[in-house]
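Visitor: Sequences and hints are given; from them, build the entire structure.
There are 2 protein chains.
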Amino acid sequence: MNIGLDMMGGDFSPLEAVRGIQLYLNASSTPVTLFLLGDEAQINPLLKEYSIPPQSVKVIHAPQVIGMNEHPTRALKEKQQSSIAIGFHLLAGGKMDAFISAGNTGAMLVGALYSLKPIEGIQRPTISTIIPKENGKTGVLLDVGLNSDCKPENLNQFAILGSLYSKHILGIDQPRVGLLNIGEEEGKGNLLAQATYPLLKENNQIHFIGNIEGRDLLLDKADVMVCEGFTGNVILKLAESLFGITQQKQIHHPYFDRFDFENYGGTPLLGVTKPVIIGHGISRGRSFLNMITLAQKMIETDLLGKMKESFLS
Amino acid sequence: MNIGLDMMGGDFSPLEAVRGIQLYLNASSTPVTLFLLGDEAQINPLLKEYSIPPQSVKVIHAPQVIGMNEHPTRALKEKQQSSIAIGFHLLAGGKMDAFISAGNTGAMLVGALYSLKPIEGIQRPTISTIIPKENGKTGVLLDVGLNSDCKPENLNQFAILGSLYSKHILGIDQPRVGLLNIGEEEGKGNLLAQATYPLLKENNQIHFIGNIEGRDLLLDKADVMVCEGFTGNVILKLAESLFGITQQKQIHHPYFDRFDFENYGGTPLLGVTKPVIIGHGISRGRSFLNMITLAQKMIETDLLGKMKESFLS
Numbered sequence: 001m002n003i004g005l006d007m008m009g010g011d012f013s014p015l016e017a018v019r020g021i022q023l024y025l026n027a028s029s030t031p032v033t034l035f036l037l038g039d040e041a042q043i044n045p046l047l048k049e050y051s052i053p054p055q056s057v058k059v060i061h062a063p064q065v066i067g068m069n070e071h072p073t074r075a076l077k078e079k080q081q082s083s084i085a086i087g088f089h090l091l092a093g094g095k096m097d098a099f100i101s102a103g104n105t106g107a108m109l110v111g112a113l114y115s116l117k118p119i120e121g122i123q124r125p126t127i128s129t130i131i132p133k134e135n136g137k138t139g140v141l142l143d144v145g146l147n148s149d150c151k152p153e154n155l156n157q158f159a160i161l162g163s164l165y166s167k168h169i170l171g172i173d174q175p176r177v178g179l180l181n182i183g184e185e186e187g188k189g190n191l192l193a194q195a196t197y198p199l200l201k202e203n204n205q206i207h208f209i210g211n212i213e214g215r216d217l218l219l220d221k222a223d224v225m226v227c228e229g230f231t232g233n234v235i236l237k238l239a240e241s242l243f244g245i246t247q248q249k250q251i252h253h254p255y256f257d258r259f260d261f262e263n264y265g266g267t268p269l270l271g272v273t274k275p276v277i278i279g280h281g282i283s284r285g286r287s288f289l290n291m292i293t294l295a296q297k298m299i300e301t302d303l304l305g306k307m308k309e310s311f312l313s
Numbered sequence: 314m315n316i317g318l319d320m321m322g323g324d325f326s327p328l329e330a331v332r333g334i335q336l337y338l339n340a341s342s343t344p345v346t347l348f349l350l351g352d353e354a355q356i357n358p359l360l361k362e363y364s365i366p367p368q369s370v371k372v373i374h375a376p377q378v379i380g381m382n383e384h385p386t387r388a389l390k391e392k393q394q395s396s397i398a399i400g401f402h403l404l405a406g407g408k409m410d411a412f413i414s415a416g417n418t419g420a421m422l423v424g425a426l427y428s429l430k431p432i433e434g435i436q437r438p439t440i441s442t443i444i445p446k447e448n449g450k451t452g453v454l455l456d457v458g459l460n461s462d463c464k465p466e467n468l469n470q471f472a473i474l475g476s477l478y479s480k481h482i483l484g485i486d487q488p489r490v491g492l493l494n495i496g497e498e499e500g501k502g503n504l505l506a507q508a509t510y511p512l513l514k515e516n517n518q519i520h521f522i523g524n525i526e527g528r529d530l531l532l533d534k535a536d537v538m539v540c541e542g543f544t545g546n547v548i549l550k551l552a553e554s555l556f557g558i559t560q561q562k563q564i565h566h567p568y569f570d571r572f573d574f575e576n577y578g579g580t581p582l583l584g585v586t587k588p589v590i591i592g593h594g595i596s597r598g599r600s601f602l603n604m605i606t607l608a609q610k611m612i613e614t615d616l617l618g619k620m621k622e623s624f625l626s
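From first to last, the protein sequence lines stand for chains D and Z. Last residue of the first sequence: 313 (the numbering used here), numbering continuous. Last residue of the second sequence: 626 (the numbering used here), numbering continuous.
Heads up, a few of these hints could be off.
Calculated Cβ distances over 12 Å to all of chain D for the following chain Z residues [to be verified]: (1) S341; (2) P376; (3) K392; (4) G407; (5) K501; (6) N546; (7) H566; (8) R597; (9) S623.
With a straight-line Cα cutoff of 27 Å, these simulated BS3-like cross-link-like pairs (lysine-lysine) come out [said to hold, decoys possible]: (10) Z:K562 x D:K221; (11) D:K237 x Z:K550; (12) Z:K446 x Z:K430; (13) D:K188 x Z:K464; (14) D:K133 x Z:K501; (15) D:K188 x Z:K392; (16) D:K77 x Z:K562; (17) D:K137 x Z:K464; (18) Z:K501 x D:K151; (19) Z:K392 x D:K237; (20) Z:K392 x D:K133.
Quick caveat, the hints were computed from the structure, so don't treat them as lab data. Note that the Cβ used here is the ideal one computed from N, Cα and C, for glycine as well.
Guide: Spelled out as structure tokens, the structure:
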């Protein structure tokens, strides 16, 4: 399998990407070829310095870079020789099986939506985050910012996508789906939640357990937690800042260590036709390692195939 | 001044209410009469047991109790001799200057809205929560659940109410107002946030500093943080659960201690014509103490008068 990696994306690239590749290749015995997209003059010396075996990687020169603050659509159009533009070209053309970048998030989203298209039947692709449960288990929350205004059917589809992710990637057999809401009983909540509840209840592709509240997010109540991207993004960033605060205050505890986003690496863009993983701008070696591992798992489990099946009707 | 206290509200009443009264009277030198509403057969022996000075309190017998799970509107209508119904009757009639209850939240809201009415010019009263900032300062977040679907003008009014609360109750001179959003720049966010931004920007009654994100909630970026009640309620309950988790895992740190809701006691209902404070169902003595202190401060600072002035146009 061929996994593509944007070597120019993120604040610490290409160095930290190379470190991640080294960590990955040291740990993995899967026959994978990593396609490394970026400026070969910067990449090649680092590959040598970090003793990356040449047979495991293939450098694809991309002379242009899309900056972190560039306008996504404009940058993608004007910089067709950028690592992100070339990455999506190779992914869409079937030369690569997954594409990872810690670069300009907007450009990754625009690139994915335009060059890959959503899976047939899916109205809106989504991004998710891992939520560390207080008892050691792992939940998934979605959407976390791609869709700030949603319709009930969007949330219903997120529930299916999140359930498949939870099952095949996180290994949870029959993931419990909870609707994030501000009351426990059916009929509670804002207009969106009220209208979404019956759709989830009638959806036989998921195991819906009802409403969950803010207090249930960190508890082992639901494995898949569904909301629109406004609330989800606020929760994601709050959780990230909580990790930063505990670090800064030197409050050390294994539970808070699990809030370190580097453990998870990046968020897959769920609902498009190929595996795309978007990393944090401040990704370091461990994040890149985890993103490559996630891409491998998405390919091995044929997660995308399962998603396509689910939306065939 | 006369502060009314529902002695039957909350899971541990009337005992914990009496404990709170004792804590309050031991600490305060302000000439306050506490009106104690509830079943005198239960209250009087406790007052004796806890040596509450008779001249500081006035027991008002209320033979009925509205249970925590009763339907608010129906219960208020059918139980006119309940502590909550009598409380609002005395508050509306000017016999009491504030009313506190840790009882049925819905009944408190319905009672307040029907017997007191909103301040003229205010479209929707609101409830808020205290947010402990990581540097020791104190922020206020609103709405936290009373208004799960909002219009831009609602949020604009919450910003004014929150600013007055922050200034007069929390002692912050020129409170910085932030719009909770999922991006930093103007124009970002969901439709509500996009439409609210210009209103806040043009509002010369507040000191608007722009958008804040989830990661800024616990940082000292804005003193008053405005959002609709869905997101706000999720944050409130998430913060409460965080305290519970740190307790349960024995992660002790002064910062997390500040997440203990008992420090704040209850949330004032902002935007109605008299001070009303709604406590947590599991309030104990310290919560009741803090709610009485808050009521006293709201009366002393004439917070309600200042709110009325702000909405005269």
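Visitor: Give me the numbers of the hints this structure contradicts, sorted from smallest to largest.
Guide: Numbers 5, 6, 7, 12, 14, 16, 17, 19, 20, in rising order.
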